[in-house]
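K.L.:
Protein chains in written order, with the numbering used here: chain A, 1 to 397; chain B, 1 to 397.
For the record, the hints were derived by calculation from the structure and aren't laboratory data.
Bear in mind the structure is a predicted one, so any value in this text is a computation, not a measurement.
One or more hints might be untrue.
Here chain B is said to cover these stretches of chain A; the calculated rule only asks that three of the stretch's residues, wherever they fall, bring their Cβ under 8 Å from a Cβ of chain B [to be verified]:
| id | stretch |
| --- | --- |
| 1 | 351 to 359 |
| 2 | 371 to 379 |
Only part of the chain A face toward chain B is listed, based on derived beta-carbon distances under 7 Å [stated by the list, open to error]:
| id | residue |
| --- | --- |
| 3 | 39 |
| 4 | 41 |
| 5 | 66 |
| 6 | 67 |
| 7 | 74 |
| 8 | 75 |
| 9 | 81 |
| 10 | 82 |
| 11 | 83 |
| 12 | 341 |
| 13 | 366 |
Lysine-lysine pairs mimicking DSSO-like chemistry, simulated, CA-CA at most 30 Å apart [said to hold, decoys possible]:
| id | chain 1 | residue 1 | chain 2 | residue 2 |
| --- | --- | --- | --- | --- |
| 14 | B | 41 | A | 335 |
| 15 | A | 41 | B | 335 |
| 16 | A | 169 | A | 244 |
| 17 | A | 244 | A | 105 |
Cβ coordinates follow ideal geometry from the N, Cα and C atoms, glycine included.
There are 2 protein chains.
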Amino acid sequence: MSLSFQVEKVSGKARAGRLFTPHGEVETPVFMPVGTLASVKGVSQDTLEELGAQIILANTYHLYLRPGIGTIRRMGGLHDFMAWPRAILTDSGGFQVFSLNELRKITEEGVTFRSHLDGSTHFFSPESAIEAQIGLGADIIMAFDECTEYPADRDRMRASMGLTLRWAKRCKQYFEEHKQEVPWRSYGHVDTAALSSRGECQLAGDAPELRSTWTGASPVPTQTEQIQSLFGIVQGGMDHELRKESAERTIEIGFSGYAIGGLSVGEPRTLTREIVESTLEHLPADKPRYLMGVGTPEEIAEYARLGVDMMDCVLPTRAARHGLLFTSEGKISIKQARYAQDQGPLDPNCACRVCRRYSRAYVRHLYAANEVLAQVLNTVHNLSFYLDTMRRVRHSI
Amino acid sequence: MSLSFQVEKVSGKARAGRLFTPHGEVETPVFMPVGTLASVKGVSQDTLEELGAQIILANTYHLYLRPGIGTIRRMGGLHDFMAWPRAILTDSGGFQVFSLNELRKITEEGVTFRSHLDGSTHFFSPESAIEAQIGLGADIIMAFDECTEYPADRDRMRASMGLTLRWAKRCKQYFEEHKQEVPWRSYGHVDTAALSSRGECQLAGDAPELRSTWTGASPVPTQTEQIQSLFGIVQGGMDHELRKESAERTIEIGFSGYAIGGLSVGEPRTLTREIVESTLEHLPADKPRYLMGVGTPEEIAEYARLGVDMMDCVLPTRAARHGLLFTSEGKISIKQARYAQDQGPLDPNCACRVCRRYSRAYVRHLYAANEVLAQVLNTVHNLSFYLDTMRRVRHSI
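The whole structure should be built from the sequences, with the hints applied where relevant.
P.N.:
Structure below.
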């Protein structure tokens, strides 16, 4: 297997485990910060490392448009391009394209869509989505699925699920035929120690399109471990039977891990929870389970206790940009005038470098004055809060 | 004296020295990063420390409007407010108000101006500008001057210089009468070690309006050293005789240091240099000399070699936001397509944490995609380049 996953401890339905990726270990349950355009908005990679982020997510759709898959492939893949030596997961673009609404057209073959940037027309198929993700070179890549809209009737949910399953097979087949083409494969993984040596880097002259910018990223012998892992995605709308069928048939195709997609699309939270809980019952215990695109700190803790191993969400980073902070005392809006002279930290129970140093009064001032540092500090705190939340859950298992 | 200044080495006209401020030592010649609104745009205070910044500048006019002097005074002054334990210099607001053009009216008493934010009317006098700067509590504060516009005829330059001198006297007098009112005075200076202990901070319950948020900022006995220093500003337009007269009469009033103001207001660079050179001849050798608001890396190096001890400029931070980078190979515009696949660092001869880690291709992508991290990384590099430039000049003296 390209990805090994060990469940180390089980408590009720919750599991504490460990993912071994070509770019390091990931302790699960894990929250993955979202770095849409190969950057977790406002946060440097050094800071992400300090925060203890072991894996981040990047979006294929956005990177396909800017700077383009070819550019990132030529730079040695996403890890080299963004100077991030730890694990990366890319989505397939399916959900992003789904979000475009009027700008897309879906057929059996794939999805024709128009760029949100310039209106230009593009086409993603299961094959091209995997090709793009191989070019990006994330450790974990996702099958190209159709995210069923909400609400939808049963026929629509069933048809959509069927399409996702047929696409899943095509993704698997394309991946098996092309998985050797990952840009970093013949160059080994990047280690953290190499990060301090850019200044002395030597570039391999004979392979300019694939050369690494880090001296530490020297070629290693081809190993079966040094390839990406492909996850399947369970769909089936809000129907328990269809979710079960989708899970079973996705498992039949066979993937390194299984994601629950098609949630957080407008349905009530209680329904989300029900679908998550019932779908988890049908997923194999020895493979990582990834719940896509959720949620609040309370929700990610709850889902982890239900047996989810991996989660991602834009909430901590997006909320930060709007001055919303997650704290041990609940959510606060730092823009409020009540914080203008509040000398306390953002969260009295948080030990992140923002809470150790800055006051609410200062961060409130930065936000009110539209200073970029407000976004930076808010994001660092929120990510710290999310990552801490997950570490606490893991510890409690 | 509140500020002690030692000239340690002289080479030609250049001097290597050391400023002793209530918030630490400053090696001169020094470049002061500009933190207009109590934040060097996009850069955290941790990073400024790592870059080796020993003193930063903040703008009285901007802080007076947002968040207001009263708020910062109640937070214990700028150092506590922005969690910056090292030295700070504030300008007087004179230049900012000068820049408002149509929005201001100057009389003998002071300047009536309208806020660039909401058009509200305000009044700065020499007294109120010093009062504001005492409230902010920077280590070095500046006399309130009139920055003479360029071009101006000799009568206008003489009249303007005369006004600045009369205002300088009033500044000095107000400062002498009120310098005990600095917010941090009776609470001592803040030391760096305290920065890691916010989580355990104990707030002094009996003085909530002045309490420190850092445990390390404990009250110390009143000492004459624990007050601010006031600098005078030499004006006189582009006239050598008037500059000489302004220098002599400002020195007669007596300040802890002397600034050269009224330059970089549209005059040719050769004229700037001439005026700087001739004005420096009239400034005392045993006091720090501060050239306000210049310049490019080449210029700050040149002015240091002419005998200037302190400089500030928005250029490295502002240029960074426009994708302009200062490097050992000249200025580059990272937005250019030629860098899209350039795996080299921003500057091959720079050892800053940006150049050690990231490629031009990555930073170019961030800039093109409008990612905030582009501003952050560009600013860190440019500041590093400026601070390195000054360290090299100091070393060469």
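K.L.:
Next, verify each hint and record whether it holds.
P.N.:
Hint by hint, here is what the structure shows:
no. : hint          : result
1   : 351 to 359    : holds (count 7)
2   : 371 to 379    : holds (count 6)
3   : 39            : holds (5 Å)
4   : 41            : holds (6 Å)
5   : 66            : holds (5 Å)
6   : 67            : holds (4 Å)
7   : 74            : holds (6 Å)
8   : 75            : holds (6 Å)
9   : 81            : holds (6 Å)
10  : 82            : holds (6 Å)
11  : 83            : holds (5 Å)
12  : 341           : holds (6 Å)
13  : 366           : holds (6 Å)
14  : B:41 / A:335  : holds (19 Å)
15  : A:41 / B:335  : holds (19 Å)
16  : A:169 / A:244 : holds (18 Å)
17  : A:244 / A:105 : holds (28 Å)
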